[in-house]
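Enquirer: With these hints in hand, go ahead and build the complete structure from the sequences.
Chains as they are written, first to last, in this note's numbering: chain P, 1 to 359; chain X, 1001 to 1359; chain U, 2001 to 2414; chain V, 3001 to 3414.
There's no promise every hint is true.
[As the list claims (entries may be wrong)] Which residues of chain X face chain P? A few of them, derived with a C-beta cut under 10 Å, are:
1. Y1035
2. S1273
3. P1349
[What the hints assert, rightly or not] Below 30 Å or equal to it, Euclidean Cα-Cα: the simulated BS3-like pairs (lysine-lysine) are:
4. X:K1226 to U:K2348
5. P:K32 to V:K3253
6. P:K40 to P:K236
Think of the hints as simulated: they come from the structure by calculation, not from any bench.
Computed from a prediction, not measured in an experiment: that's the story for all the values here.
Positions of the beta carbon are idealized from the N, C-alpha and C atoms, including for glycine.
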Amino acid sequence: MCSVPVKKPKTDIGPPYYYDMLPEIIKENYGKWKYHEKIKPGVLKHVSENGAELYTVRAGSPRLLSIVTIREYADLADKYSGGHLRFTSRHNVEFLLSDPANIEPLIAELEAKGYPVGGTGDCLNNIIHTQGWIHCHSAATDASGPVKAVMDDLFEYFKKDDLPAKLKISMACCLNMCGAVHCSDIAFVGIHRTVPTIDDAGVAKGCEIPNVIASCPTGAIRPNPKAKSVMVNEEKCMYCGNCYTVCPSMKIMDPVNDGVAIFVGGKVANARSGPAFSRLAIPWVPNTPPRWDELVVAIRNLVEIWVKDARKGERYGEWIERIGWEKFFEMANLPFTDKHIDDFIFSVPTFRTTTNFKY
Amino acid sequence: MCSVPVKKPKTDIGPPYYYDMLPEIIKENYGKWKYHEKIKPGVLKHVSENGAELYTVRAGSPRLLSIVTIREYADLADKYSGGHLRFTSRHNVEFLLSDPANIEPLIAELEAKGYPVGGTGDCLNNIIHTQGWIHCHSAATDASGPVKAVMDDLFEYFKKDDLPAKLKISMACCLNMCGAVHCSDIAFVGIHRTVPTIDDAGVAKGCEIPNVIASCPTGAIRPNPKAKSVMVNEEKCMYCGNCYTVCPSMKIMDPVNDGVAIFVGGKVANARSGPAFSRLAIPWVPNTPPRWDELVVAIRNLVEIWVKDARKGERYGEWIERIGWEKFFEMANLPFTDKHIDDFIFSVPTFRTTTNFKY
Amino acid sequence: MSEKKRPLLEELKKGPWPSFVKEMEKSAHNSKTAELLDLLERSYEDKTGHWKHGGIVGVTGYGGGVIGRYTDLPEEFPEVREFHTMRVNQPSGWYYTSDALRTLCDIWEKHGSGLTNMHGATGDAILLGTTTEHLQPCFNDLSEAGFDLGGSGSNMRTPSCCAGPARCQNACIDTLDLCHNLTNTFQDYLHRPSFPYKFKIKISGCANDCVASIARADLSIIGTWRDAIRIDQEAVKEYAAQGYDIQGLVVDKCPSQACTYNAEIQEFTVDNPNCVRCMHCINKMPKALRIGKETGATILIGGKATIVQSAFLSWVIVPFMKLEKEDDYAELKDLIERIWEWWDENGKVRERVGELIYRKGMREFLKAVGLPPVPQMVKHPRANPYFFWWPDEIISSASGDAEAEAAAGAEVEK
Amino acid sequence: MSEKKRPLLEELKKGPWPSFVKEMEKSAHNSKTAELLDLLERSYEDKTGHWKHGGIVGVTGYGGGVIGRYTDLPEEFPEVREFHTMRVNQPSGWYYTSDALRTLCDIWEKHGSGLTNMHGATGDAILLGTTTEHLQPCFNDLSEAGFDLGGSGSNMRTPSCCAGPARCQNACIDTLDLCHNLTNTFQDYLHRPSFPYKFKIKISGCANDCVASIARADLSIIGTWRDAIRIDQEAVKEYAAQGYDIQGLVVDKCPSQACTYNAEIQEFTVDNPNCVRCMHCINKMPKALRIGKETGATILIGGKATIVQSAFLSWVIVPFMKLEKEDDYAELKDLIERIWEWWDENGKVRERVGELIYRKGMREFLKAVGLPPVPQMVKHPRANPYFFWWPDEIISSASGDAEAEAAAGAEVEK
Ligand code: SRM
Ligand code: SRM
Ligand code: SRM
Ligand code: SRM
Ligand code: SF4
Ligand code: SF4
Ligand code: SF4
Ligand code: SF4
Ligand code: SF4
Ligand code: SF4
Ligand code: SF4
Ligand code: SF4
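Expert: Dropping the structure here:
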């Protein structure tokens, strides 16, 4: 059923050598690219100092790929781009073409197979996301499902590049934030809302109590020496699930209360303003599989107010910076609650220490 | 020698009624002022809705006043302003005149007596300061002395109002910062640089040990049960002297190491940018009575680079904001040290989390 | 008083700025003051202060208002063995008549060193240096003459305020009346320390904040308006005629791009809903621009200096409150008392109210004092997902709980 | 696989975005994958995941690279009783040949579910779902074919980098080579967890930071330059000719007012000493503007997601470092090792390096790793006066100590 090692396996060979993966045109123009042009959504052209032209065709991907699909990609690469392709940092696939005549046939075939071409320029990029119920023990929501539902709904914005600026949406299925969503234009993240329930016997048997105590950001956990376990101070616990990560006997799942929080206005690039964190917009929408309707509606609303009101060149957070958070909540028709006000370590610098505000 | 109470003293009568202190012209135009004009440095004119004109003549004050001087003020007020005057939030004295003919004679008499007229508009204001060695047990430097030395040196700027903007200098003689210097264009503050020496017997007798421990911002103090006293962790102590404030047996004075730290770029007004803290520029200059020469030179340097480089309307911090802190340290010819980098509670948000900087 | 005697202090009589040493010498016929000069000369030699705390001193019925002080060299300087300070509550806005000042001087000549601070950083008139024996008689004379003590210790401190409507066209509220009113209303808290720590109130008539209330008051009250900046276009034209750079010095510096200047027709306009009322344009063109008519104040909390948790600037808790003389500022006073109640119940010894809020969270604070959360309270909402839910926001059963769901903020337009 | 069987997942096959459910179904001839679909359907019904940690699994000689996973419903779903993930170290920049991909697919067809993530958030090719039994053989086949595992656990994680000089004109450094080099050099730290916690390295060729290194790498390496932006004025004129709003979309948005456009002569200029190299103008006029020639990188530290102390963005520790292929990036590697050494010695379990620096202070960190403090490390200097002195900066005797005084920074020009 599975191969038996015939000799001592090689270890520490390191990743495949990237250079061997590059097409000839890149090898020849490596480090010599001079500028790029946007041909149309999903198609870039890079021109080198000596005039060579490289075309990139980008197709959207659900990231969770069957080897069947990957082989299809390989076949398309063989057919159109000399067998060369890459994946992007947002999990799209990019074909690297030296012959512009291949662009349209490739696009046609990709689209026909259901792999939409787009996602370049001032568009909605693919949604960075994580494992969810597919594979992670810690997920407060699914990842692939909500992402699919949101991308379906916002699909038009993936296909055209006339948004005010790039729109980067990210998602993570628990507060570990493997999607590193904390600096995205729009971020949504699975959250719990109830304190962990403690299986004392399990803790005693399976968990390092000092580590469990140290894992709690708010110091809500104290020892329970009688039970050789721990206790949680309900007033201090904000359901981060970090204790559960280090100790599976601190169950934190709660199907009716788990859900999704939505943050807005972060960015990563240093272009213009420096990188910035996303900020809480909606503390909770319920988990409503299979298509997370509330989440989808909420995000569309957030996208649309920006598309409508932002000036050309304004990322989400730059737009809010200009209009002010008070106007944002008004435009988004969202209640501002005590949850929006930081009360963690670095809270004080987030308070409005000026009378400069709008009504 | 001292009066003997003949009847039970009245308590809780509250402060004198301000309204009784006001000149007629103010009573008539109370709340009706329409605009003001700067006549010249030290002289303001306020015009009311019904045309009345109130003139204010402001004179600099060392704040530490003998009753001899206060009586002179009273006499001048009787002579020129109908017996009406006030003090400002920066401790200057202001005469409230309804007759403009009195302005020049009043100024002449003030100047003759050594009370300089000025300090309005875009000028150097009086230096807010505190008790120092005159009266406080906690002082790491004198207050009146350094202030006098700095004001003497910068005197020209008190007398003319063509600085880029207002220049607010403040000083406090220890980290309690009674001068609330933390939001000034330039702030200087007495600091210690060595850990307190503990008189165990004194602590045992006179101090509340839990309060002493709680007083330490960095948690450097722990109990010393054997001595019924406390111990200080030298690595954690940053010489704030707060323990000394709650427990005089934790002596913190150190004549050779005590000195003055200088901060820049704070402001209070909400005009344009919101209020801002002053930031460390020079960690330490030594205490060199009687005229604190190093301090005086350092502050003049700080003032002059701003006067030279700032654009009209730029407060100190607004100027630095524009040129960048890296340029500030360069222009001021000051070393940037590890002391300048925050390592207290809210440090992380002060770190440069962008590649946007100048060399 | 010869040059010989105090060579170091002598240096500080030189120079154009008024000399505090000369001030001290003016009162040096008083033996205390003469010895204070000698002690100070000693400090200048030693580079260290020579004061210490001592037994608690005060006047009958009061727990504050006096700072006890003793030299640590009592043998050498017996006249300043005791050298206490009395904090005298200033009249609102530091307005005086010459007679009021003379009365103060006479009392202080009789009972103390003859030295003062006009004024202390909190706002009091500081009478600098007397003995324990003189405290009560001095207080009696002060009180007889219409003066009362200010605060010290863990109490409400002497409130102070800016020049206000008496002398300033920018005053959006009657800072003087409000200051007087609050001081009188809360006298008991001022004179009898019963708080976890000090509590300061400062009142500025507008966002220029001329008493620095946002930086150094636990409760900062700052005047503002709710309607529109008043514009006198004729006066705008005059500024233009004088060659004033309206675009560069005014418009370009507006923090919210809310004003515009049309140089052609010399017209200045304000986009009032986007104006954050920072005062800048009004400051720069006082003849042409004026605060709005529908005035009130922004209430902020938490300002303080460095100790212990580092300095805080006050932050907004009520964006706009009408402050009505007519109803005796009832809404504000009510809020202040609720704040004190919560702080009193929850604060540790020497924990300022801002530090307590930091420790417990705005959420707890707002709930306790009954204020609704509004976006104006924050520069920006939280970045971390570590927020709390109240029990009634949680769905208790799998069947769902529509009300809790609504309360929890399933903020979605369907 | 009929609609009946998984009605909830069925819903996610609809819509224009590629469906992960369809992807799973493509591999559903694999019994594991078929049962994974059933388990997921169950999760959709229950609104909860059905996975748990379990015993530690891995391959011989490695401490990371495999995530052990077990369903909590093993009776019902025996095929996914064990369903581990293998993290395969991607080639720099995620460049592949079709053959390389096919090789990976073949191995995964043989040993696993046939499902992958291309790629994981850290950068690895994720092979999703196999049994303990298959781990070693699968690894052997991978290794035989030229693939190695990536990181997991408390080790250096798989470094990743942007498209770089292979496909981007903005690359100031050879991100691909550097990433490959660091991965190989530090393989031992990657494969054998020995750190307090995870340590991530991400490399972007310029300040656009297309791998988000500043947000999600403990060590962020971001390309930049030190000389001048290259300007092609002819190309500027072309943008102008096309009616492009150079003033509004480029100049007005420059964060440091360092560029200007003279519309009359259609000339674009950059005040290079005041340019902060944010990339904005270059991004907006790629044909006319180009990065400088004297290139290198800014090194930043501390980036991480929310847990425990809240998310940090990396901050500058070296404003500019030349990254020389010639000397094998010696300076950088040396720095990395010094950082690890200090972190290893001082870090608590599960304490990221940024959190350790927060706890101990930059001062301790800089001294330990031998970096000089520079203003570029901070947005602004500290506001509080709570700073520390090193013993040698303190004057030991009353006689004074000129050297210490100098060291202490009596920074005064005399
Ligand atoms: C392919 C990719 C790099 C990779 O190694 O995979 C890439 C490639 C390019 N990026 Fe990027 N960026 C890529 C992820 C990012 C990220 C990271 C992310 O999305 O998580 C960022 C930071 C995001 C943020 O700020 O939140 C990023 C911020 C930028 C920016 C700055 C945008 C801005 O805020 O102004 C530019 C400049 C621009 O677009 O004008 C840029 C520009 C570019 C250019 C135009 C560079 C060039 O000339 O080749 C490339 C084509 C961009 C396009 O899609 O139009 N790239 N770019 C990544 C594509 C992801 C995808 O599939 O959608
Ligand atoms: C008298 C006084 C109020 C009092 O109740 O005593 C006062 C009075 C006035 N202030 Fe003030 N300010 C006074 C302390 C302050 C303070 C507090 C402080 O200095 O500690 C501030 C905040 C300081 C800060 O931002 O750090 C202050 C920030 C302002 C500003 C805003 C300046 C700016 O940053 O743009 C203005 C507006 C202006 O000058 O254009 C202003 C304007 C004024 C005006 C012009 C208001 C008016 O129309 O009457 C008054 C004359 C100012 C002048 O000196 O030219 N006043 N002013 C205070 C005089 C102190 C002194 O003796 O020097
Ligand atoms: C007299 C005065 C300084 C001055 O020369 O003007 C003063 C003097 C003292 N202050 Fe203060 N503070 C004075 C205004 C302030 C201010 C400014 C203000 O009120 O606007 C502050 C900063 C704002 C604040 O409250 O945060 C201030 C922050 C402190 C602190 C630190 C409190 C904190 O929480 O950070 C202490 C320490 C303490 O309370 O133990 C302190 C303690 C002291 C003590 C009582 C220390 C002591 O026990 O010796 C000083 C008595 C000195 C003396 O010999 O009389 N003083 N103190 C000011 C009061 C005069 C008045 O009543 O008008
Ligand atoms: C697979 C992956 C998500 C994905 O779908 O892409 C992932 C999956 C897990 N992450 Fe992660 N993390 C992944 C990238 C990240 C990232 C993003 C990145 O690396 O750029 C982050 C945020 C950046 C950071 O490191 O701060 C991230 C922050 C965490 C954390 C929180 C760490 C922290 O200090 O804040 C944990 C918790 C932990 O370490 O115990 C965590 C823990 C986990 C665990 C191991 C939790 C667990 O024990 O089950 C997850 C295993 C899931 C599974 O079933 O395989 N993962 N994790 C990513 C790794 C794939 C790869 O190797 O390429
Ligand atoms: S974000 Fe949480 S639930 Fe999602 S993959 Fe990471 S650790 Fe697992
Ligand atoms: S869920 Fe988070 S906050 Fe609650 S006890 Fe566990 S670690 Fe602490
Ligand atoms: S700043 Fe310190 S030394 Fe100066 S008066 Fe206040 S408490 Fe005393
Ligand atoms: S001086 Fe400050 S830091 Fe040092 S022990 Fe005392 S309270 Fe703590
Ligand atoms: S705060 Fe405003 S109202 Fe009060 S004096 Fe200053 S400018 Fe006038
Ligand atoms: S008050 Fe301030 S915010 Fe309002 S228009 Fe004037 S300058 Fe702009
Ligand atoms: S980070 Fe810079 S160099 Fe790398 S792909 Fe993005 S734009 Fe190009
Ligand atoms: S790179 Fe950025 S900072 Fe430099 S000139 Fe261009 S826009 Fe301005």
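Enquirer: Give a verdict on every hint.
Expert: The hints, checked one at a time:
1. For Y1035 (chain X), the interface hint is violated, since its Cβ never comes within 10 Å of a Cβ in chain P; the closest pair sits about 22 Å apart.
2. Given hint, S1273 (chain X) at the interface with chain P, holds; its Cβ is 8 Å from that chain's nearest Cβ, closer than 10 Å.
3. Interface hint at P1349 (chain X): satisfied, since its Cβ lies 5 Å from the closest Cβ of chain P, which is below the 10 Å cut-off.
4. About 27 Å separates the Cα atoms of K1226 (chain X) and K2348 (chain U), which keeps this hinted pair within 30 Å; it holds.
5. For the hint pairing K32 (chain P) with K3253 (chain V), the CA-to-CA distance comes to about 28 Å; that is within 30 Å, so the pair holds.
6. Restraint check: the Cα-Cα separation between K40 (chain P) and K236 (chain P) comes to about 52 Å, which exceeds 30 Å; the hinted pair is violated.
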